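2 protein chains.
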Amino acid sequence: MSVMTINIERNSGLFHLISRNGLGHEVVTDADPGIGGTNKGARPTELVIMGLGTCSAIDVVLILQKQRQSLNDIKIEIKAVKEKIETYSEFREIHMHFHLWGQIKANKAKQAIDLSIDKYCTVAQLLKKTASITTEFTIHDTSKNG
Amino acid sequence: MSVMTINIERNSGLFHLISRNGLGHEVVTDADPGIGGTNKGARPTELVIMGLGTCSAIDVVLILQKQRQSLNDIKIEIKAVKEKIETYSEFREIHMHFHLWGQIKANKAKQAIDLSIDKYCTVAQLLKKTASITTEFTIHDTSKNG
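Chains as they are written, first to last, in the numbering used here: chain W, 314 to 459; chain Y, 314 to 459.
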């Protein structure tokens, strides 16, 4: 068991909020101007998808490290589809495109990404309760530029 | 159906990442120094709890507005307990303490918070797949200072 503490304060307007973790790291959110927001930060549900991508990025970096693959850089593009269910929404389809720079074998990249989404990433296991998560990857072999 | 786009890039070190939504709003994350992180941002799973709190804050503000309650400020303190399940973790217990400033009737505050957690907040409905969410609230009546 581990305990997490989050404190949320209003910064301005109706919905411009600052969330802080126990170490004081800040995340800024706001609501859509359509409901009275001032568009000064990400939307709350976007934080969940950012949590998915960053959690999975950590897994992939760690697993490729253990597999002695030389990873120089990583980017992830995510598209997430939400469906309105009466009063709230559910994530339905999430697609993650991993871009990996370095000398990395394709089968090792696939294994690292699959392990993250199937077993290690806490946010992925949560989102899979309502959504299907699909992945693809592109290896940008930077050895050619060396 | 609505589509969300998130792009994640590495900023420094192994795990210091910047996530951007479609409008360019940035959220900074990093991993724990224990696994090689540099502690420059929130942890990925913390973003999910920040998503819960900020999503619920928006609901509560909107519902109190409809109920013609005068809300001057809002803060939320959240404690979330995660349990390790073999390779990943699941949220188990989440407690949210809402602080509301203004001239607000207690029954209206309770109703707004309950409606958010039971029906409106998308992130709450997701987290309830594995966690129980409990709430309490404190009304700080600022009319006395007027």
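Among the hints, erroneous ones may be present.
Unchecked claim - DSS-like mimics (lysine-lysine), calculated; alpha carbons at most 25 angstroms apart, straight line:
hint	chain 1	residue 1	chain 2	residue 2
1	Y	K379	Y	K432
2	Y	K421	Y	K379
3	Y	K442	W	K397
4	W	K441	Y	K432
5	Y	K442	W	K441
6	Y	K388	Y	K421
7	Y	K432	Y	K388
8	W	K397	Y	K379
9	W	K392	Y	K379
10	W	K441	Y	K392
11	W	K379	Y	K353
12	Y	K442	W	K392
13	W	K388	W	K421
14	W	K441	Y	K441
15	W	K353	W	K423
16	Y	K397	W	K379
17	Y	K392	Y	K432
18	Y	K441	W	K442
19	W	K432	Y	K421
20	W	K353	Y	K379
21	W	K388	W	K441
22	W	K432	W	K397
23	Y	K442	W	K432
24	Y	K379	W	K442
25	Y	K441	W	K353
26	W	K432	W	K392
27	Y	K392	W	K442
28	W	K388	Y	K392
29	Y	K423	Y	K379
30	W	K397	Y	K397
31	W	K441	Y	K397
32	Y	K353	W	K397
33	Y	K397	W	K442
To be verified - Using C-beta positions, here's what the derived DEER-type ranges look like:
hint	chain 1	residue 1	chain 2	residue 2	range
34	Y	Q424	W	N420	53 to 63 angstroms
35	Y	K441	W	M314	16 to 26 angstroms
36	W	D345	Y	K441	17 to 27 angstroms
37	Y	Q424	W	K423	48 to 58 angstroms
38	W	H408	Y	N352	26 to 36 angstroms
39	Y	H412	W	D345	50 to 60 angstroms
40	Y	M314	W	T455	35 to 45 angstroms
Calculated from the structure, these hints are not laboratory results.
Remember, predicted model here, so these are calculated numbers, not experimental data.
Built from N, CA and C at the ideal position, the CB exists for glycine as well.
message: Run through the hints listed earlier and report the numbers of any the structure violates, in increasing order.
response: Hints 9, 15, 19, 22, 24, 25, 28, 30, 32, 39 not satisfied by this model.
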